[in-house]
Amino acid sequence: MTSSYEHHDYDVLIIGAGGAGLRAAIEAKQRGLKVGIITKSLLGKAHTVMAEGGMAAAMGNVSAEDNWQVHFRDTMRGGKFLNNNRMAELHAKESPDRVRELEQWGALFDRTKEGKILQRDFGGHRYARLAHVGDRTGLELIRTLQQKVVSMDTDVFMECKVLKLVHDENGRIAGCVAYWRPTGEFVTFSAKAIILATGGAGKSWKFTSNSWEGTGDGHAMALWAGAQLIDMECIQFHPTGMVWPLSVRGLLVTEGVRGDGGVLRNSEGQRFMFNYVAPMFRDETAESEEEGDKWYDDHAAGRRPPELLPRDEVARAINSEVKAGRGTPHGGVYLDIASRRTPEFIRRRLPSMYHQFMELAGVDITSEPMEIGPTCHYIMGGVKVDADSAATLVPGLFAAGECAGGMHGANRLGGNSLSDLVVFGRRAGMGAADYIESGQAATSLDMSEVEEAVQEALAPFDRTEGENPYDIQRDLQEMMQLNVGIIRTAGEIEDAITQLETFTDRVKNIAVKGGRAYNPGWNLATDLPAMLTVCKTVARGASLRKESRGGHTREDFPKADPEFAKFNFAHTTSGGNWDSEIVTVESPLLPMPDELKALLEETK
Amino acid sequence: MADVTMRIWRGDASGGDFENYSVEQNEGEVVLDVIHRIQATEAPDLACRWNCKAGKCGSCAAEINGKPRLMCMTRMDQLPEGPVTVTPMKTFPIIRDLVTDVSFNFEQAKKVPALMPPPMPEGGYIMFQEDVERGQEFRKCIECFMCQDVCHVIRDHEANKLHYSGPRFFIRYAELEMHPLDMNDRRDLVREEMGLGYCNITKCCTEVCPEHIKITDNAIIPLKERVVDAHYDPVAWLGRKIRRKTKTSAADAAVQPAP
Numbered sequence: 001m002t003s004s005y006e007h008h009d010y011d012v013l014i015i016g017a018g019g020a021g022l023r024a025a026i027e028a029k030q031r032g033l034k035v036g037i038i039t040k041s042l043l044g045k046a047h048t049v050m051a052e053g054g055m056a057a058a059m060g061n062v063s064a065e066d067n068w069q070v071h072f073r074d075t076m077r078g079g080k081f082l083n084n085n086r087m088a089e090l091h092a093k094e095s096p097d098r099v100r101e102l103e104q105w106g107a108l109f110d111r112t113k114e115g116k117i118l119q120r121d122f123g124g125h126r127y128a129r130l131a132h133v134g135d136r137t138g139l140e141l142i143r144t145l146q147q148k149v150v151s152m153d154t155d156v157f158m159e160c161k162v163l164k165l166v167h168d169e170n171g172r173i174a175g176c177v178a179y180w181r182p183t184g185e186f187v188t189f190s191a192k193a194i195i196l197a198t199g200g201a202g203k204s205w206k207f208t209s210n211s212w213e214g215t216g217d218g219h220a221m222a223l224w225a226g227a228q229l230i231d232m233e234c235i236q237f238h239p240t241g242m243v244w245p246l247s248v249r250g251l252l253v254t255e256g257v258r259g260d261g262g263v264l265r266n267s268e269g270q271r272f273m274f275n276y277v278a279p280m281f282r283d284e285t286a287e288s289e290e291e292g293d294k295w296y297d298d299h300a301a302g303r304r305p306p307e308l309l310p311r312d313e314v315a316r317a318i319n320s321e322v323k324a325g326r327g328t329p330h331g332g333v334y335l336d337i338a339s340r341r342t343p344e345f346i347r348r349r350l351p352s353m354y355h356q357f358m359e360l361a362g363v364d365i366t367s368e369p370m371e372i373g374p375t376c377h378y379i380m381g382g383v384k385v386d387a388d389s390a391a392t393l394v395p396g397l398f399a400a401g402e403c404a405g406g407m408h409g410a411n412r413l414g415g416n417s418l419s420d421l422v423v424f425g426r427r428a429g430m431g432a433a434d435y436i437e438s439g440q441a442a443t444s445l446d447m448s449e450v451e452e453a454v455q456e457a458l459a460p461f462d463r464t465e466g467e468n469p470y471d472i473q474r475d476l477q478e479m480m481q482l483n484v485g486i487i488r489t490a491g492e493i494e495d496a497i498t499q500l501e502t503f504t505d506r507v508k509n510i511a512v513k514g515g516r517a518y519n520p521g522w523n524l525a526t527d528l529p530a531m532l533t534v535c536k537t538v539a540r541g542a543s544l545r546k547e548s549r550g551g552h553t554r555e556d557f558p559k560a561d562p563e564f565a566k567f568n569f570a571h572t573t574s575g576g577n578w579d580s581e582i583v584t585v586e587s588p589l590l591p592m593p594d595e596l597k598a599l600l601e602e603t604k
Numbered sequence: 001m002a003d004v005t006m007r008i009w010r011g012d013a014s015g016g017d018f019e020n021y022s023v024e025q026n027e028g029e030v031v032l033d034v035i036h037r038i039q040a041t042e043a044p045d046l047a048c049r050w051n052c053k054a055g056k057c058g059s060c061a062a063e064i065n066g067k068p069r070l071m072c073m074t075r076m077d078q079l080p081e082g083p084v085t086v087t088p089m090k091t092f093p094i095i096r097d098l099v100t101d102v103s104f105n106f107e108q109a110k111k112v113p114a115l116m117p118p119p120m121p122e123g124g125y126i127m128f129q130e131d132v133e134r135g136q137e138f139r140k141c142i143e144c145f146m147c148q149d150v151c152h153v154i155r156d157h158e159a160n161k162l163h164y165s166g167p168r169f170f171i172r173y174a175e176l177e178m179h180p181l182d183m184n185d186r187r188d189l190v191r192e193e194m195g196l197g198y199c200n201i202t203k204c205c206t207e208v209c210p211e212h213i214k215i216t217d218n219a220i221i222p223l224k225e226r227v228v229d230a231h232y233d234p235v236a237w238l239g240r241k242i243r244r245k246t247k248t249s250a251a252d253a254a255v256q257p258a259p
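So the sequence lines, in the order shown, correspond to chains A and B.
Straight run, no breaks: the first sequence in our numbering ends on number 604.
Straight run, no breaks: the second sequence in our numbering ends on number 259.
One or more hints might be untrue.
[Said to hold, decoys possible] Here are the simulated EDC-like pairs of lysine to aspartate or glutamate, each with C-alpha atoms no more than 20 Å apart in a straight line: (1) 113(A) to 344(A); (2) 508(A) to 579(A); (3) 206(A) to 492(A); (4) 513(A) to 19(B); (5) 513(A) to 12(B); (6) 34(A) to 11(A); (7) 29(A) to 434(A); (8) 110(B) to 153(A); (9) 113(A) to 122(B); (10) 140(B) to 344(A); (11) 110(B) to 155(A); (12) 67(B) to 359(A).
[Claimed, not checked] Interface residues of chain A toward chain B, partial, derived using beta-carbon atoms under 7 Å: (13) 41; (14) 49; (15) 103; (16) 115; (17) 150; (18) 151; (19) 211; (20) 245; (21) 251; (22) 520.
[Said to hold, decoys possible] Per the computed footprint, the stretches of chain A lying under chain B, defined by three or more beta-carbons under 8 Å from a beta-carbon of chain B, are: (23) 355-363; (24) 468-481; (25) 510-519.
Just so you know, the hints here were simulated from the structure itself, not pulled from any lab data.
Even glycine gets a Cβ: it sits at the ideal position worked out from N, Cα and C.
Okay, chain A solo, but in the shape it has when bound:
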């Protein structure tokens, strides 16, 4: 059987070709290793292209007062202190160098008058900190890394979907099994180390900014392989997604609109965010529209407007306004930049948004307000890793980017994702290279694991009577939106946990029509096990976390509870399969060194 599959052999194999995967590849390549990258899509199409506003790095080009200490503090406060503090520290310290190196590889950021990289204001960041290119920063990041990777002659396996990680006889990661989407043929890979860089899991919610790819493959495969997932209940609902027309509901509207002067109003025309400033943020938030408006031009003349609070705060406020009957005709609120900035300014600073609303909604954002509402955007939870090396608990397995957990705690600040990708993508490349050099890497694939994964993937073709995978996906998205969405209660979460078992049975009864070559129905059937695994850990975490914190809001426990700030909920499986029982434990937070504690205690 061994010889029946196409096979490839690498030192470092990277699953996922977004910002984290590509940056990891560059690092491993520079260490002289044989590197392969596998992506479900074409190169350059990963979800990184959707990032708009910018990448956060305390370079101090616009606000000279900025430094890594303030960035660290903002990240921890934004994350409601659930973060891995070492990750937040490394991220704040290293992101400026990661931004600058992109320019050596061809990136062209917007400039200050002095010719330095321009930085913009964003929610939760004390200073103007986001390096950007208009509102298409993610595209710039992925294209730059892609072009660098290609120039280094790296092997890229496109439209290749990994089904499962494979161990050696000693339980180390030894490779994976995948199939080519264009042909449906299976392929095996051996690797001394694997880096997961598979991105997020937002496709399991109905209203989402995530593409079809966001099915949590890396989260799930890591769990099945023996790693831990943490903070899975912490899901970011971005405050500003499009709400109309229905076909684009959930599509992202960049936070840059608010950073550049846009404000939120309810149906009565009121700037309601002033009513939702939590005590933690009162000292640094404007008390009146006049004060907030002064801040845009001169940060010393007033405090920042409440529209720029962290995303969890803004999303909850919008949700409350709509619930109170002060929403727009299509169930959102208004985001207005038209009345506050000139058409020329808007078109120059926010060209993609102008384009997107004009073409998809027939709305001219230079003359009318946008209708927006929260959309599932990002999962803070992910694979538990060592901050410095990105190593998981499984020897040979590393994780970086959105599929890794800890960096962002309970809520991610806008702009901290693109910088996370390059900081920890690089560290994962280093970690994998160090692991290989230490000489403990696996050498042989356990073929029984390969066969099992292949049989499971092919099973839907054998069923003549069975369910359409699209029906299951749609029902799952509706169920998760309803029961484990932005505001949660015990009853709904328990209902979700029960229903997820029914979904497990339904997935085991999928029947697929047609052949194996580029068959999206079959492709979806192979994504659903990962989606269910992720949803189960999200629901489990949401049930156990009896408090509200960041991207986890419980109507029945509306306040944060300090007891819950001492640990993460960590999940493992007892069997290693997608339908295995999930086991959850309390995993204590990393102790914080005194010098970092001191940074958090400084009030200003």
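On the provided structure of chain A, position chain B as indicated by the hints.
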């Protein structure tokens, strides 16, 4: 709203034909919404490539009523009354249904000599907005490859793919040529191996660009001028023989401290 008839090409490299689907159509929908509805109901194996559904990734290019368009940015209510015909991009080999093999483009990308910047000064490079703006226009490219699809040099003459890199890569070469930090010289390469001379500036590429990049006016024509200057100007030719070409003004600007 009334149902609409979708005429979709189905098949693979060995051949295929149109199939008609009568589908419900809702307010504000784009072509990709309707394709997804067909997948979710009648034809779960209908192959179509897509990712972001927001006009940012360029995955869902196809030919709608004969014209290259992004399916995610083409509103159904803006198409003429009657059946809507969707076919795969013609210039690339078929994989299945609406999905084509676009590896030609990834092969071209491998041939592009990388940026060659001067060493980075302490605190980063200094570049000015007016100098980066020209390159930024070309870096808006989402690699939908519709400009490649519509370019008759390769659309109508398969053999030209051997020595023609196409509009997407002409803007890439133009971007590097105009990059304030670049010290590499790709002009002979573009002329001799990438087939810039085949382009007779019919502007078909510019017309289909979803990012509204002025491919012909701002990239191809200036690139042709630079290539001609390099090749036929005897002083420049002699200069290049004697020393490597450097873009003195921009490269110098890049390493100078901030004013």
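A quick look at each hint next to the structure:
1. 113(A) to 344(A): holds (19 Å)
2. 508(A) to 579(A): holds (10 Å)
3. 206(A) to 492(A): holds (16 Å)
4. 513(A) to 19(B): holds (17 Å)
5. 513(A) to 12(B): holds (16 Å)
6. 34(A) to 11(A): Within the cut-off at roughly 5 Å; holds.
7. 29(A) to 434(A): At roughly 13 Å apart (the allowed maximum being 20 Å), residue 434(A) and residue 29(A) satisfy the hint.
8. 110(B) to 153(A): holds (8 Å)
9. 113(A) to 122(B): holds (18 Å)
10. 140(B) to 344(A): Since the Cα atoms of residue 140(B) and residue 344(A) sit roughly 19 Å apart, the hinted pair holds (cutoff 20 Å).
11. 110(B) to 155(A): At roughly 11 Å apart (the allowed maximum being 20 Å), residue 155(A) and residue 110(B) satisfy the hint.
12. 67(B) to 359(A): Holds, at roughly 17 Å.
13. 41: holds (6 Å)
14. 49: holds (5 Å)
15. 103: Check passed: Cβ of residue 103(A) comes within 5 Å of chain B, closer than 7 Å.
16. 115: This interface hint holds because 4 Å falls under the 7 Å limit.
17. 150: Holds, because the Cβ-Cβ distance from residue 150(A) to chain B comes to roughly 5 Å (cut-off 7 Å).
18. 151: holds (4 Å)
19. 211: Nearest chain B Cβ about 4 Å off; hint holds.
20. 245: holds (2 Å)
21. 251: holds (5 Å)
22. 520: holds (6 Å)
23. 355-363: It holds: at least three residues are needed, and the segment 355-363 of chain A offers 5 whose Cβ sits within less than 8 Å of chain B.
24. 468-481: holds (count 5)
25. 510-519: holds (count 7)
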